[in-house]
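Engineer: In the order they appear, the protein sequences are chains A and B. Here the first sequence is numbered in my numbering, starting from 1 and rising by one per residue. Here the second sequence is numbered in my numbering, starting from 1 and rising by one per residue.
Hints were generated in silico from the structure; no laboratory data involved. Predicted, not measured: the structure shown is a model, and the values here were computed from it. Don't take each hint at face value.
Each pair may be met inside one copy or between any two copies, as identical chains are not told apart.
Derived SDA-like pairs (lysine to any residue); straight-line CA-CA distance at most 25 Å [unchecked claim]:
#1 Lys98 with Gly290
#2 Lys99 with Asp230
#3 Lys305 with Met1
#4 Lys296 with Pro232
#5 Lys296 with Arg79
#6 Lys284 with Arg93
If you want the building blocks of each chain, they are given just below.
Number of protein chains: 2
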Amino acid sequence: MAIFLAVDVGGSSIKLGLVSENFELLVEDSFRTQDNQENSDQIVENLTKHSLDLLSKHDYRKEDLKAIGIGVPGTAINRTGIYEFAGNLPFRRYPLRKKLTEIFNCPIYLGNDANFAGLAESRLGAGQGAENSVTLTLGTGMGAGVVINDRVYLGFNEAASEFGHTVMEIDGIPCTCGRNGCFESYVSATALIRQTKEAIAENPDSILAITANAEGKVSGRTSFNAWRNDCPVGTKVVKTYAKYLAIGIANVINSYMPDVVIIGGGISNEGQCLVDLCEDEAIKQSFLHGEVAIPKIVIATLGNKAGTLGAALFADDCLKDGLIY
Amino acid sequence: MAIFLAVDVGGSSIKLGLVSENFELLVEDSFRTQDNQENSDQIVENLTKHSLDLLSKHDYRKEDLKAIGIGVPGTAINRTGIYEFAGNLPFRRYPLRKKLTEIFNCPIYLGNDANFAGLAESRLGAGQGAENSVTLTLGTGMGAGVVINDRVYLGFNEAASEFGHTVMEIDGIPCTCGRNGCFESYVSATALIRQTKEAIAENPDSILAITANAEGKVSGRTSFNAWRNDCPVGTKVVKTYAKYLAIGIANVINSYMPDVVIIGGGISNEGQCLVDLCEDEAIKQSFLHGEVAIPKIVIATLGNKAGTLGAALFADDCLKDGLIY
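Working from the sequences, and respecting the hints, build out all of it.
Structural biologist: This is the structure in structure tokens:
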């Protein structure tokens with residue numbers, strides 16, 4: 001039976017999945033991306049070894065692979081097979097397809113992890129049935145995956161949909177990308193932790209500070225937990241965060257008018273309350289008039305399987321499009 | 001010979017064109033949208049009358065019309081034929097197609113004027129050959145037209161591509177759309193005039209103030225003229241304006257990665273210097289790494305013919321797609 005090998009490369013771990021032709025995640029595995037500051041070749045060697053192990057452990061051979069899909073953080077170009085750039089990993093203009101082709105002789109497709117997660121949510125997850133969707137992944141950074149006409153939108157150079165790096169505050173908070181005031185700098189988990197720490201420093205006796213102390217560290221959950229305990233300081237952090245998120249979502253809506261905006265990533269574990277906190281303001285700020293249908297705002301449902309499922313879906317799209325690399 | 005009637009409704013004038021099947025603008029006409037605060041029905045009656053006059057003046061009959069394309073400011077829904085909303089005109093949920101069908105019995109297609117101008121620039125103007133383009137129209141407001149895979153991108157509700165109404169300054173300058181800090185509020189001609197007036201008020205003895213006085217009023221050209229005369233105050237206005245434009249263009253690039261960003265509208269009459277003023281900063285702020293191709297930034301070339309040509313192109317696309325309304 002033909003299967004897809006689906007790979008989701010992350011800053012801390014690499015997830016592997018064997019995915020059926022019906023896009024069932026049959027089995028999965030994961031391993032740490034870098035245990036000892038491995039270089040790019042070593043990471044890919046580990047990736048190859050774990051993939052072959054996973055196949056043989058489940059009685060598959062390399063010949064059973066219909067295709068491999070690999071989602072990576074940063075910029076990877078499917079057309080060329082080059083992994084151009086990753087913020088937190090050592091890949092720079094790395095010939096990823098060529099390296100893997102030395103081991104596997106099936107088609108190999110690559111692209112951005114957030115794009116793939118967006119494709120999976122759009123087809124199999126929270127956006128089922130959507131022609132156009134935007135998935136925002138609120139994690140260490142903020143990824144965005146745009147699906148237009150049921151396909152990943154890549155732009156002319158395959159580097160599109162970096163909505164996290166659109167400025168929403170001129171001369172605002174410095175972003176990892178070099179700009180100031182990016183959407184990501186206000187709504188990533190990293191940003192929320194910063195906002196929470198600032199509030200604790202200003203209000204050391206607040207329930208928020210006590211919550212952080214009890215939890216042992218400040219996380220993306222801390223201010224939400226304090227808010228649920230009626231802490232005024234935690235409430236202010238959460239409401240301000242929700243205001244930023246609403247402004248950014250309204251920007252997404254005004255740009256793309258997708259059927260659905262899907263919120264994923266670690267912060268989306270807060271669930272429906274996250275939508276409730278920002279939905280009214282996001283819709284109010286959107287350029288919607290008269291009877292024009294209003295996009296839905298929903299929480300992602302595929303969790304950390306979105307990346308691998310999306311990699312398999314993308315590989316299948318490429319095969320259907322006759323892209324053989 | 002079959003021709004298109006192409007209509008470009010503007011806040012101050014309505015342009016009409018008869019366009020060949022090869023998208024040559026054969027003849028054109030225009031008239032004031034509202035001479036005496038006409039209501040929506042009266043505007044459409046004038047539009048009908050001028051259209052019939054134009055046809056007969058050039059020996060065409062209604063039966064020669066292959067289709068009518070109408071671009072309007074605000075939100076018009078092709079699927080329903082309803083002109084939902086226009087900021088500065090009296091159209092509210094107006095059944096535009098139904099009204100015109102009483103006179104014309106060819107297919108009638110409608111949509112947003114900036115989208116149509118973008119389509120025309122993308123196919124026939126500054127973006128020729130582009131698969132994906134974004135056209136920014138710097139006029140009284142700021143329109144945006146997005147072309148993806150050589151088609152106007154409309155979003156699920158046909159209200160997409162309002163990039164002028166994405167916030168780039170939280171709690172910034174109030175925008176006509178109800179939000180604060182929209183891209184439009186910093187880069188429209190209206191915004192540039194406001195910025196120029198503020199600089200004049202603060203520097204009443206500047207070359208900028210003298211320039212405005214000599215010109216009789218402050219226009220979108222005033223600060224550029226003062227800048228060309230080495231006025232430090234005018235230079236500061238122009239550089240600040242260019243900074244805003246660069247930030248917004250980088251936002252466009254990071255979102256869509258179009259082959260080309262096309263700058264149109266009144267301000268684009270400044271020509272290549274406008275690109276030169278913002279291009280380096282826009283590219284520097286874009287999320288481009290390694291060998292990823294860089295989008296081009298260019299000045300629109302079709303001038304005020306973009307709207308009518310785009311309306312005809314859109315009507316033809318609809319016919320080709322088998323959309324018969």
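Engineer: Give a verdict on every hint.
Structural biologist: Tested hints:
1. Lys98 with Gly290: between (53 Å within a copy, 17 Å between copies)
2. Lys99 with Asp230: neither (54 Å within a copy, 56 Å between copies)
3. Lys305 with Met1: within (22 Å within a copy, 58 Å between copies)
4. Lys296 with Pro232: Answer is neither; intra-copy 30 Å and inter-copy 49 Å both fail.
5. Lys296 with Arg79: between (33 Å within a copy, 20 Å between copies)
6. Lys284 with Arg93: Answer is between; shortest inter-copy Cα gap is 19 Å, intra-copy 43 Å.
Of the hints listed earlier, those the structure fails to meet are numbers 2, 4, in rising order.
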